[in-house]
Amino acid sequence: MRPSNRAASAAGTAVLCLAGLAACSSSDDSTQAGSDTYTWWDPYPQHDDSSDWAQRVSACGDEAGVTIERTAYDTTALTNQALLAAQEGTSPDIILLDNPAVSTLADAGMLTTMEEFGLDTSRFDENLLNAGVVAGDAYGIPIGANTLSLYYNQQILDAAGVDPASITDWQSLTAALEQVVANGDEGITFAGIGTEEGSFQFLPWFWGAGADLRELDSPEAVAALELWKGWLDAGYAPNTVINNSQNTTWEEFLTGRFAFAENGTWQVNAAVEAEFPTGVIQIPGQDGGVAQTPTGGEFITAPVQEDDARYDVTSQIVECMTTPEGLVETANTFAYYIPSTQAAQEELLTQNAALEPWVEAVRNAKGRTSDDLGIDYPKISEALWTAVQKALSGSMSPQEALAEAQTNAEAETE
Amino acid sequence: MRSTSPKTSGDGASDGRVATTPPGQPDRPANAPPDAPAAPARRSRLREPRWAAFAFIAPLLAYLTIFYAYPLYRNIELSLHDYTPRAFVMGNPEFLGLANYVDVVTSDAFGLALRNTALFTFVSIAAQYTIGLALAVFFHDNFRLSGLLRGMFLIPWLLPLIVSASTWSWMLNSENGIVNSVLESFGIGQINWLTSPDWALTSVIIANIWLGIPFNLVILYAGLQNISKDLYEAAALDGATVWQRFWRITFPLLRPVSAVTLLLGLIYTLKVVDVIWIMTTGGPGNSSTTLAIWSYREAFGTGQPEFSPAATVGNLLIVIALVFGSVHLYLQRRQERT
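Protein sequence lines correspond, in order, to chains S and R. Numbers 108 to 521, taken from this note's numbering, label the letters of the first sequence in order. Numbers 3 to 340, taken from this note's numbering, label the letters of the second sequence in order.
Calculated from the structure, these hints are not laboratory results. Every residue gets a Cβ at the ideal spot worked out from N, C-alpha and C, and that includes glycine. Watch out, some of these pointers could steer you wrong.
Here are some chain S residues the structure puts well away from chain R; computed CB gaps all over 12 angstroms [stated by the list, open to error]:
| # | residue |
| --- | --- |
| 1 | Y151 |
| 2 | S229 |
| 3 | A266 |
| 4 | N346 |
| 5 | D414 |
| 6 | E426 |
| 7 | N459 |
| 8 | A494 |
| 9 | E511 |
| 10 | E519 |
Sample of chain R residues at the chain S side, in silico, Cβ under 7 angstroms [to be verified]:
| # | residue |
| --- | --- |
| 11 | V91 |
| 12 | N94 |
| 13 | P95 |
| 14 | E177 |
| 15 | S183 |
| 16 | G189 |
| 17 | G191 |
| 18 | L196 |
| 19 | T252 |
| 20 | F253 |
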């Protein structure tokens with residue numbers, strides 16, 4: 108019938124028009140905007156256009172003779188946005204990515220290697236750089252790193268007669284907790300939440316026992332989980348840790364009732380401003396020494412562009428952001444990122460000697476995706492945090508929970 | 003055959019000329035013989051308006067295609083392929099057929115997630131409806147301050163979910179929560195509301211019930227306004243008790259409104275992610291993981307987005323919602339027929 112045929116084609120045309128409009132508007136945001144406009148995405152929405160951080164980014168653009176258009180996303184949204192943009196062929200020139208996401212996006216084939224890009228990575232600390240290395244190629248440069256240590260409440264330790272310097276292994280730490288709790292205070296708080304944060308906080312103990320992420324059910328891994336579970340059962344750690352995020356943990360510590368809190372470099376200023384004197388010790392390994400802690404922090408990465416003439420300017424911008432002075436400024440802007448090169452770390456320490464324990468912690472730290480875990484890490488991590496949750500909440504023993512985790516991780520990563 | 007009398011010329015409303023036709027004037031060309039049959043002329047004029055009508059619904063069709071049909075198609079496509087991040091960018095996912103569905107349904111987590119979804123949905127809706135109805139009946143007898151009190155019951159609806167869910171999780175905190183401190187003053191020991199596998203689901207259900215009461219209250223209250231007062235008066239004259247008036251008048255006459263409330267409630271509740279995610283992230287372990295939480299976690303909850311399993315679980319949820327939607331439509335039809 109003719110009328111409905113025509114109607115159908117009219118409707119079809121309308122759909123095409125609308126689709127066309129959508130296509131037009133989305134390509135407006137893309138890198139094709141102009142050869143002297145470079146796009147920059149980062150996960151710092153807290154720093155608006157008038158912030159020091161935004162000013163520095165645009166200053167580096169000016170130096171390279173181009174305009175930088177910066178867009179800030181939430182950390183998790185950024186990974187998805189980057190994938191979508193790569194699918195549409197509209198990737199930005201530079202993305203600052205949370206380090207575990209680097210291998211995911213590198214594996215997706217959307218990042219250039221630093222070598223292709225003509226950047227010398229040798230001045231960066233190898234342990235930090237490794238988080239962005241996939242199959243021997245570096246796909247990004249750490250703009251700084253943070254990691255975990257144990258904050259302590261000086262007042263509580265003094266009252267219980269505990270010397271923080273005496274804490275050198277798990278046994279002495281547990282003994283200290285016992286003393287503190289016997290004195291009427293709370294022991295330690297950490298974050299065991301069922302997200303990446305939970306794994307991040309558990310890893311220092313996991314690695315501190317000598318366990319390996321490829322073998323979640325090893326006796327070392329079980330020992331680490333039993334340590335946490337033992338603290339919960341003995342009342343050295345509150346039951347709330349099962350659901351705590353790192354922020355909640357910090358709020359608990361700031362109440363002044365806890366002797367210890369496991370937390371990161373980003374709380375250095377908050378610790379100074381706390382209503383009680385605080386200090387920091389390294390997280391001890393099971394039998395002494397310092398446990399390896401996981402690194403946090405962003406990498407500068409350069410997504411693949413159709414027009415590879417753009418890489419020249421992009422690498423100038425990256426160079427500008429990662430000079431020793433640049434890294435120190437970044438460190439201060441984010442209160443605190445520990446710089447990723449030796450030179451910048453020394454420069455930072457001359458400005459602020461109190462950061463010494465953190466520089467040491469970062470030098471000892473290890474990327475979560477290191478050891479060639481790459482894109483397997485997120486799967487292993489999910490199995491790990493689930494096991495931690497199950498063991499701490501008492502629905503399984505540490506042994507059973509980790510055995511199940513290993514089975515799941517193997518099934519997911521095969 | 004259609005009548006050509008001026009009175010029914012409104013049939014041709016789509017030609018847009020009705021309003022300008024003076025009453026009493028036959029709606030046909032002036033030069034047409036007065037005794038000519040009107041039908042053929044009418045049909046030829048109908049053709050153009052029909053096509054204009056289609057042009058008018060084109061935006062709607064476009065809207066439905068872009069915002070409903072395409073996303074749905076895409077969701078199904080995602081679930082039938084293996085979209086790793088790499089395949090997502092390259093656009094070359096491996097076709098898996100129903101393998102994702104088989105994986106999901108045979109996974110250890112599926113039974114628990116299905117049970118949690120069923121419990122979460124049905125307990126929430128039953129409690130929301132019952133409490134909402136009780137409050138609606140209570141406020142129906144206008145008394146002093148009833149408007150103000152009714153307004154206050156709407157607060158859960160007005161608060162952003164992140165605020166109410168965070169507040170609930172503070173209140174239910176094991177060590178410092180107000181709920182436990184009240185219980186402790188009555189000599190009941192600490193309950194690990196959010197961190198015990200036995201309580202986590204109950205806690206999120208309680209919070210969700212609280213959130214859903216205003217919706218039920220508002221809709222059922224509006225339904226009550228439509229019940230004629232005469233019925234109650236007549237019943238009162240016949241000596242019906244309050245209880246009888248509720249079961250014989252209010253409840254049966256509210257049935258259509260109740261059906262809509264329950265169906266909407268079901269669909270809202272099936273897809274709840276935010277409350278649970280904020281309060282327990284589906285934990286501890288998987289003990290408060292529903293299908294919606296599972297889908298969200300696969301796509302956005304881990305470091306590596308897994309769009310295919312997420313879409314698979316999402317599609318199963320859509321099927322469940324569709325089943326209940328069809329049951330609702332079927333019951334409604336049957337009711338209309340009788």
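- [ ] Grab the minimum beta-carbon distance between N459/S and chain R and tell me whether it stays above 12 angstroms.
- [x] holds (31 angstroms)
Closest CB-CB distance from D414/S to chain R, is it above 12 angstroms? Non-interface label on D414/S holds, nearest chain R Cβ at 18 angstroms vs cutoff 12 angstroms.
Just to be careful: measuring from the Cβ of G189/R to every Cβ in chain S, is the smallest value less than 7 angstroms?
violated (19 angstroms)
Against chain S, with CB atoms and a cut of 7 angstroms, does the hint on N94/R hold up? This hint is violated: N94/R lies away from chain S, its Cβ roughly 11 angstroms from the closest one there, beyond 7 angstroms.
**Prompt:** Given P95/R was flagged as interface, is its beta-carbon under 7 angstroms from a beta-carbon of chain S?
**Reply:** violated (11 angstroms)
Hint check: is the beta carbon of S183/R less than 7 angstroms from a beta carbon of chain S? violated (14 angstroms)
Checking hints one by one. Is F253/R an interface residue toward chain S, by the C-beta closer than 7 angstroms rule? violated (41 angstroms)
Determine whether the non-interface label on S229/S survives the test: each CB of chain R must be over 12 angstroms from its CB.
holds (28 angstroms)
Note to self: Quick check on V91/R please, does its C-beta sit within 7 angstroms of some C-beta on chain S?
What the structure shows: This hint holds: V91/R lies near chain S, its Cβ roughly 4 angstroms from the closest one there, short of 7 angstroms.
Problem - Minimum Cβ distance from A266/S to chain R greater than 12 angstroms, as the annotation requires - result: Given a closest Cβ separation of 20 angstroms, the condition holds.
Would you check whether L196/R satisfies its interface hint, that is, whether its CB is within less than 7 angstroms of any CB in chain S?
holds (5 angstroms)
| said: Using Cβ atoms and 12 angstroms as the threshold, tell me whether E426/S really stays out of contact range of chain R. | reply: holds (27 angstroms)
Consistency with the previously given hints fails for numbers 4, 8, 9, 10, 12, 13, 15, 16, 17, 19 and 20, ordered from lowest to highest.
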